[in-house]
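Protein chains: 2
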Amino acid sequence: MTLANLFLSHDFNNADDAPQSKSIIGSFTPDDQPPALKTRLLENPQTIALPLSSISSQATLNSSSSNSYILCTDSPPTSNTADTNNYTGCFEGQEKLLEIWFSTSAEDIPSPSCDQFDTKSSLKLQSPDPEDIDEFSQYRTGLRLIPKRVLRDMLDLVHCSVLDSFSNAYIDSYLLSESSMFMYPHKIVIKTCGTTTLLLALERILDLARIYCSFKSIHRVFYSRKSFMFPENQPVPHNSWDNEVSHLDTYFENGSSYIIGDANTDHWYLYMATPKRADEQTAPGNVETSELSETSDTTIEILMTGLNPSKMEKFYCGHFGDSSEGLLGGKLIEKASNISDIYPDATCNSYLFYPCGFSSNAILGEHYFNIHVTPEPSCSFASFESNIPLSIPTNKDSVANLVSKVIDIFSPTQFTVTIFKDIHQHSKDTTSDDASHTISSEYKSSDRIVYKLDGYWLQYNHYIRA
Amino acid sequence: MTLANLFLSHDFNNADDAPQSKSIIGSFTPDDQPPALKTRLLENPQTIALPLSSISSQATLNSSSSNSYILCTDSPPTSNTADTNNYTGCFEGQEKLLEIWFSTSAEDIPSPSCDQFDTKSSLKLQSPDPEDIDEFSQYRTGLRLIPKRVLRDMLDLVHCSVLDSFSNAYIDSYLLSESSMFMYPHKIVIKTCGTTTLLLALERILDLARIYCSFKSIHRVFYSRKSFMFPENQPVPHNSWDNEVSHLDTYFENGSSYIIGDANTDHWYLYMATPKRADEQTAPGNVETSELSETSDTTIEILMTGLNPSKMEKFYCGHFGDSSEGLLGGKLIEKASNISDIYPDATCNSYLFYPCGFSSNAILGEHYFNIHVTPEPSCSFASFESNIPLSIPTNKDSVANLVSKVIDIFSPTQFTVTIFKDIHQHSKDTTSDDASHTISSEYKSSDRIVYKLDGYWLQYNHYIRA
Chain A
229 MTLANLFLSH DFNNADDAPQ SKSIIGSFTP DDQPPALKTR LLENPQTIAL
279 PLSSISSQAT LNSSSSNSYI LCTDSPPTSN TADTNNYTGC FEGQEKLLEI
329 WFSTSAEDIP SPSCDQFDTK SSLKLQSPDP EDIDEFSQYR TGLRLIPKRV
379 LRDMLDLVHC SVLDSFSNAY IDSYLLSESS MFMYPHKIVI KTCGTTTLLL
429 ALERILDLAR IYCSFKSIHR VFYSRKSFMF PENQPVPHNS WDNEVSHLDT
479 YFENGSSYII GDANTDHWYL YMATPKRADE QTAPGNVETS ELSETSDTTI
529 EILMTGLNPS KMEKFYCGHF GDSSEGLLGG KLIEKASNIS DIYPDATCNS
579 YLFYPCGFSS NAILGEHYFN IHVTPEPSCS FASFESNIPL SIPTNKDSVA
629 NLVSKVIDIF SPTQFTVTIF KDIHQHSKDT TSDDASHTIS SEYKSSDRIV
679 YKLDGYWLQY NHYIRA
Chain B
229 MTLANLFLSH DFNNADDAPQ SKSIIGSFTP DDQPPALKTR LLENPQTIAL
279 PLSSISSQAT LNSSSSNSYI LCTDSPPTSN TADTNNYTGC FEGQEKLLEI
329 WFSTSAEDIP SPSCDQFDTK SSLKLQSPDP EDIDEFSQYR TGLRLIPKRV
379 LRDMLDLVHC SVLDSFSNAY IDSYLLSESS MFMYPHKIVI KTCGTTTLLL
429 ALERILDLAR IYCSFKSIHR VFYSRKSFMF PENQPVPHNS WDNEVSHLDT
479 YFENGSSYII GDANTDHWYL YMATPKRADE QTAPGNVETS ELSETSDTTI
529 EILMTGLNPS KMEKFYCGHF GDSSEGLLGG KLIEKASNIS DIYPDATCNS
579 YLFYPCGFSS NAILGEHYFN IHVTPEPSCS FASFESNIPL SIPTNKDSVA
629 NLVSKVIDIF SPTQFTVTIF KDIHQHSKDT TSDDASHTIS SEYKSSDRIV
679 YKLDGYWLQY NHYIRA
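Protein chains in written order, with the working numbering: chain A, 229 to 694; chain B, 229 to 694.
These aren't lab readings, by the way, just hints derived from the structure by calculation.
A couple of the hints might just be wrong.
Stated by the list, open to error - Label pairs and their in silico Cβ distance ranges: (1) A:Y479 with B:E670: 31 to 41 Å; (2) B:C318 with A:G593: 54 to 64 Å; (3) A:G593 with B:P605: 54 to 64 Å; (4) A:S632 with B:C318: 47 to 57 Å.
Unchecked claim - On the chain A side, residues computed to face chain B include the following (Cβ under 7 Å): (5) S484; (6) D490; (7) A491.
As the list claims (entries may be wrong) - These stretches of chain B come out as covered by chain A in the derived footprint (C-beta under 8 Å, 3 or more residues): (8) 441–448; (9) 672–679.
For glycine and all other residues, C-beta sits at the position ideal for the given N, C-alpha and C.
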C-alpha cells in the first residue's frame, strides 16, 4: 500500500493551510511505520498526514528525507513526537465482505482460452514469479493462478496491503493490513475494514478472472456489511448503502438488496445477485441436478461490539508478555486469548498490530475462518467469520457451541450472529429453522430473523447483554 | 374533505401561468363530483384543478359559480369537458396503515379525568350529537366516545372523508374516501391510500385520546406500508421512509424501523414502538402475567399487484349489471366478486367508486377485515387486511385457505402475504413457523422471511406467478 493511496480518502484542498492551524504530533517515512498504524492514525478525524514536500517554509519540523510525512492533529499534543500509545481514534472495525463465485465448485474451471495469450493485455501471463512457486503449486487452478504481484496491484485499489500469506491444497490465505482475503480456484472472498474502498476493485477482479481464468461471467456474488460506526468517514461508494447497491448494479443484473434488523439501531446489509447460468437458460430440466452437485456453502459471522476492556488489554502490543507487532506477537495472543481453541486442527496465522489490533486467518481443509479485533474502548469491535460447516464439530447444537466459544473471548455487550447457507445444505442440516439458540443466560435475543431467499437461507440474531 | 385540502399536495407557485400552457379538459364544483374521482383526477400528474377565482381574464371557460374549479391537463383533451371514463392516471393504491394501541384491551380503559371537563380545550365534551346515538351507544367506551364530527375534522388532516359508517357492540367501522378506519375502545386502525397524509393526523389522534379518553400515553404503535408505486407523488412526510420514521420518532421513544424484502424491488416497511408501561417499569415480575392477559393480536395483509384485467372489469361502474357509484353498487360487486364468501358471517358494507375502484369494510364480532381495489391496468392493486384470528375458520392450514380465496378474486401476477402476531398468540397457534404455505402451484414463493421482534412474530412471503 502506498501512502499516496491512503491520501485518496482525504480532502487536501487546504493542505497548505492545515499545518498552521493544527498541532504537529510527529513524523514518519513510508517505510518506518507498520501499515495498520498509518491507517489508524490517518483515520482519526483529528489527525492528518502531510508530505513534508508540500509544507511551506513555516513548517517547524525539519527532515532530510524528501518522502517524509508529518502528522498533524486538532487536539493538543502530549509530546512533540507521535505518542501512538495514547491514540484513541475512531477506527471503523465493521468490515465490508465481498464474495464472488465464478463457478459452482473448484472442479468447474474453464480450460485456458486465447485470452491468456492476449498480447494487448497489460495483465498477460508471464512465466511464474518465484514467489508464486511453493509445495502447493501443483494444486493451483483457476483464480489461484493469478500472480501475487497482480493481486497486490488489485489490493492497492482497495487501499490495503498483504501482511502474510499461506496455503494448503485448496486455498490461498492472505492476511491483509485491513482484514482478510481467501482465494479458491472458483471464488474469491475479501473482507476489509477501515475506510478501504473494497468495491472499487470489483472491475479489476472481474477482469483478472476473465484474463487469467477465462471466467466470462460470475455464478453468484454477495456483498454484505453491518451498519458502520462512523459512516461519515466512508469514501464513495461506501458512503451509503444506496450508493454501494448502485455501484454493484452497474456490474450485475437482477441484484437483490436486503436491510436486515432494526434500521434505527444495529442492522446488517446484504446484496446478492445470482445471474442465470447458461445451462439453466438452455436446459431448465438440468437445473436441479446441477444445483445439487454444487459445493455446499455455509457462512457464519459473529459481529461483536462493546468488548470487555480488561479482556481487550492483551490485544495491545506489550500488554501480554513481550508481545510485539507482527506474526510472532500474533501467535502469542492467538494462544493467550483461546482463539487457537476454536478449531484446534486449523492452520492459523495471526498478526498483532502496533499499537493495538489483531487479525487471524485460519484454514482447515477446504474451509477457512478469520477473526479481527479492534480493541480501542471508543470503537471496540471484533468479528468472526467462517465457512467451516456447522456440523463440524459434530454436536447437537453446534451453532450455540461455536458462538459461546467466540463470545467468551470478547464478552461483548451486543452481538449479531448471521448464518447463511445454500438451501440444499440447509435441508441436510439438523440445525433448527427456529432462529433461537440457547447462547447464554447472560444475553437476551432481541431481533430473530429468518430469510429464505432465492436458493439461500439466512438467519440473523441480535443479542444484547441482559 | 374540502378541495382546499386536496390542493395542499400540489405546488401552486405558478398557478396563474398554468392554464395558459395546459389544455382545459373540464370543470367541477366541490359538490358535484364524488370525492374519489376528485382525488383520482388530481393525482394524475398530467391533471391539475385550479379555482376559477384564481384564473386571469384569459380563461376560456366561464362559470357563474365563484367556488368552481377547472381541470387542466398537459395531454390533448378529447373533448371540451372532463371525459372521466378515459381517465388512466397513476393512482397510488398502496396504503399507509397506522395502528395505535392505547391500552392492552378494551376492558383496560381509564376512568374519566378532569381533562374531559377542560373548558380551555376547543375539543371539550359537549352533549352527544344525534348522529352519535344508535343502538350500540350503551357499549361505547374509550376511543369510541369521540364524536363523529371530531373524527371528520381529524380525517381532514389526512385528506380523506367518511363515506359510510356502521357498528356492532365492539367496533365502529368507517369506510373512507381513501380506504378504512376502525375504532375500538382501546385502539384505532387507519388505512389510507393515494396521496393522503396519514401521519399528519398523529398529533391530533394522541390529543383526542388524551382529551376524550384520558389516555396519557400509548401502549403500542405500528405503522407500515409497502413500497409505493409512485413515490415521487407523495407529500411530506410520506416522500421517503426515512422522513416517515423521523416524523414518528418525534412522538414515540425507542421506535424500531424494518425494511423487509428486496429493497431493489418489492418490499415492505414497518415501524413499531412499544414504550415501557408504568407497571413494567415498577414491577418487572408482573410483566409476563400482564402480557398473557392481553387481547390476542393477529393481522394478516395480502397485497396484490398486476391484477387480471378481465376480472377487474366488474370494479368499473356500469360494467356489471347496473352497478353505479355508492353502497348499492358496492354490495352488488361484493357478491359478484365472491368477496362476500371470504367470511360469510361478517357484516360487510362496500362502496363502488366512479369511474372505478372498490372498498369493503367488514366486522365480525371483535374483528374486522377490509378490501380495497384499484382496478386500472396502469396501476392495478388490491389489498386485503384482517385481524380475524387465523384459526377461524378452523382448518389445518387456514392461512393457505384464506390466501387462496382472496387471490382467486384478483388473480394477481405478484403478491405479498404478511402475518403479524403477538408472541403469545403465535405460541398458541398451530400454524408452522416455516414461512412456506402451499398457496397454489400457479405461484412461486421468492422471499420468505420471518422476524421475531420484541413481543411480536412477523412472517413475510412474496409470491410471483410461475
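Hint-by-hint comparison with the structure:
{"no.": "1", "hint": "A:Y479 with B:E670: 31 to 41 Å", "verdict": "holds, 34 Å"}
{"no.": "2", "hint": "B:C318 with A:G593: 54 to 64 Å", "verdict": "holds, 57 Å"}
{"no.": "3", "hint": "A:G593 with B:P605: 54 to 64 Å", "verdict": "holds, 57 Å"}
{"no.": "4", "hint": "A:S632 with B:C318: 47 to 57 Å", "verdict": "holds, 54 Å"}
{"no.": "5", "hint": "S484", "verdict": "holds, 4 Å"}
{"no.": "6", "hint": "D490", "verdict": "holds, 4 Å"}
{"no.": "7", "hint": "A491", "verdict": "holds, 4 Å"}
{"no.": "8", "hint": "441–448", "verdict": "violated (count 0)"}
{"no.": "9", "hint": "672–679", "verdict": "holds (count 7)"}
Of the numbered hints stated above, the single one contradicted by the structure is hint 8.
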